[in-house]
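Q: Chains as they are written, first to last, in my numbering: chain Z, 12 to 396; chain Y, 2 to 167.
Wrong hints could be hidden among the right ones.
Ranges of calculated distance between the beta carbons of each label pair, as one might list FRET restraints [claimed, not checked]:
| id | chain 1 | residue 1 | chain 2 | residue 2 | range |
| --- | --- | --- | --- | --- | --- |
| 1 | Z | Y135 | Y | I15 | 37 to 47 Å |
| 2 | Y | A50 | Z | L88 | 45 to 55 Å |
| 3 | Y | K59 | Z | A358 | 50 to 60 Å |
| 4 | Z | G113 | Y | G46 | 53 to 63 Å |
| 5 | Y | L72 | Z | D218 | 41 to 51 Å |
| 6 | Z | F215 | Y | K59 | 49 to 59 Å |
| 7 | Z | S127 | Y | I15 | 18 to 28 Å |
| 8 | Z | A68 | Y | I15 | 57 to 67 Å |
| 9 | Z | N153 | Y | I15 | 24 to 34 Å |
| 10 | Y | I15 | Z | A149 | 23 to 33 Å |
| 11 | Z | D218 | Y | I77 | 37 to 47 Å |
| 12 | Z | P254 | Y | I15 | 23 to 33 Å |
| 13 | Z | F215 | Y | K34 | 47 to 57 Å |
Everything labelled a hint here was simulated from the structure, so no lab data went into it. C-beta: ideal position from N, C-alpha, C; glycine also.
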Amino acid sequence: MVIFKKPLLITALVLSLVATVSSFANDTTSVLTSAKQAEAAVEEVVATPALSEEAKAELEREEFIQHHLLDSHEFHLFSYGKESGEEKHVGFPLPVIFYDEGFHFFMSSAFHHGESVVESNGKYYKLYHEKIYRTDAAGTLNMDHHNHPENIQPLDLSITKNIFMVLVASALMFFIFVRLAKSYKKNNGVATGVGRFFEPIVLFIRDDIAIPNIGEKHYKKYMSHLLTVFFFIWFLNLFGLTPLGVNVTNNIAITAALAILTYVITTFTANKNYWGHIFWMPGVPAPMKLILAPIELLGTFIKPFSLTVRLYANMLAGHVVLMSIIGMMYTFNNVVGSGLSFVLAFALSILEILVAGLQAYIFTMLTALYFGSANEEHHHEDGHH
Amino acid sequence: MEQLLGQFSLGLFILQTVIFVCLVLLLKKFAWKPILDAVNEREEGIKNALQSAENARKEMQLLQADNELILQEARIERDALLKEAREMRDKMIADSKQDAQAEGARMIEQAKAAIAAEKNAAMAELKNQVSALSIEIAEKLVKQELTDKAAQTKLIEKLLTEVKAN
């Protein structure tokens, strides 16, 4: 399997970079990996103003990177410091929708970045760490011993930053591909405009992903899903590289949703042969069949899980490393170190553009592979080993 | 892992699933199906066009071969015709030559025969005349002899000159 060599290589490269950079900027990444720690550290800053100027700046960077990676209820574009020392945040609020014994709807600006308690339909809500909690009128949060609020969390269906970007990407995809579809009619079967760029990719997915993995006979019913998955992940990965800081594909809920859809489609379109291989593996002795059945069944769950984590971890790692290197420019604060960081960040950005496409390709490829296994025809009894 | 689960937002998961499924269905109806159909159609069209071009080429080749064959046949036929005509002409010339020769020979033969017949007739006539003349002379001679010897001789001489003159 030549195809898998490259992603492995790049994953290894990214991971090795993560390792080197994390040893460089040890505290930068270690705090990143834990939202709780970072928050605790920020609180510490508030509590101990005696911290050195440098440590404060470092913590600020950590908080920024972490903030950049997480989902949010408002769309934050950038911040700048005023001369008076006050920080100004530029962005726009997004609608908050959640279900708590009835639907609640208001704009996220009402939370004032978690400082205000919002009253909606006679109940009070507070935003804490980008999560909505039901509180009393004073906004009291009862913390458990892990420093987590014990308050009730309503089902949050807000148009968060991630959902907003998902909608933007969906709209963009819809616009591009409907136009491509129409251009065929207008132009006698030849694509025009931006469609000329996307048509070969569509054909690539059909000819090099769908047909070889699923087979000429069944591939057609999966094409819509494969194409949508590929472009969806690719577009969102690329959006994640923009300075807007919208990293949708490094949110595990998003990748899990995509992977579970793959699992659901595989399960519901699987033929008898597929189930036969899971529950009663042909060509092995009966006791082995009994042992293999739970392993094979577990395997079907591991597949979507690996899809989830692969995409999530790859994108997260890329962003963490990239932003850490950018952060290092300020840590070094001299021409040589910052210059080196800049060159490294630049090179990594280019690598990330490649990874953006590559991860979309891998996800689509593996999805097609699973679809293919669900549709594999029965060959011959002794062909299995 | 705890942090991973802590980051996991069920609402985001649900919304993402709903939006994605809608996106798949919408794109399927408005984009993927028309795109793939159009591409398929185009590919079929190209395949067919190539096929028909190939067919046309083959047909052309066949036609050219046919033409060549017809031309060849025509050439052979022409050659045959020419040969035949030449033979016929030669034969006709030979025939007429032979005819003419035969006719000439026949005419010469005829003329010879006619000449011979004329000659015979003339000879016969001459003989008749000579005999008649001889008889006449003999008659006169006989008559003269009986009267005068000298006169007889004279007469014979005179007759002879007459004969000579004749």
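Q: Any of the earlier hints contradicted here, and which numbers?
A: 1, 6, 8, 11 and 13
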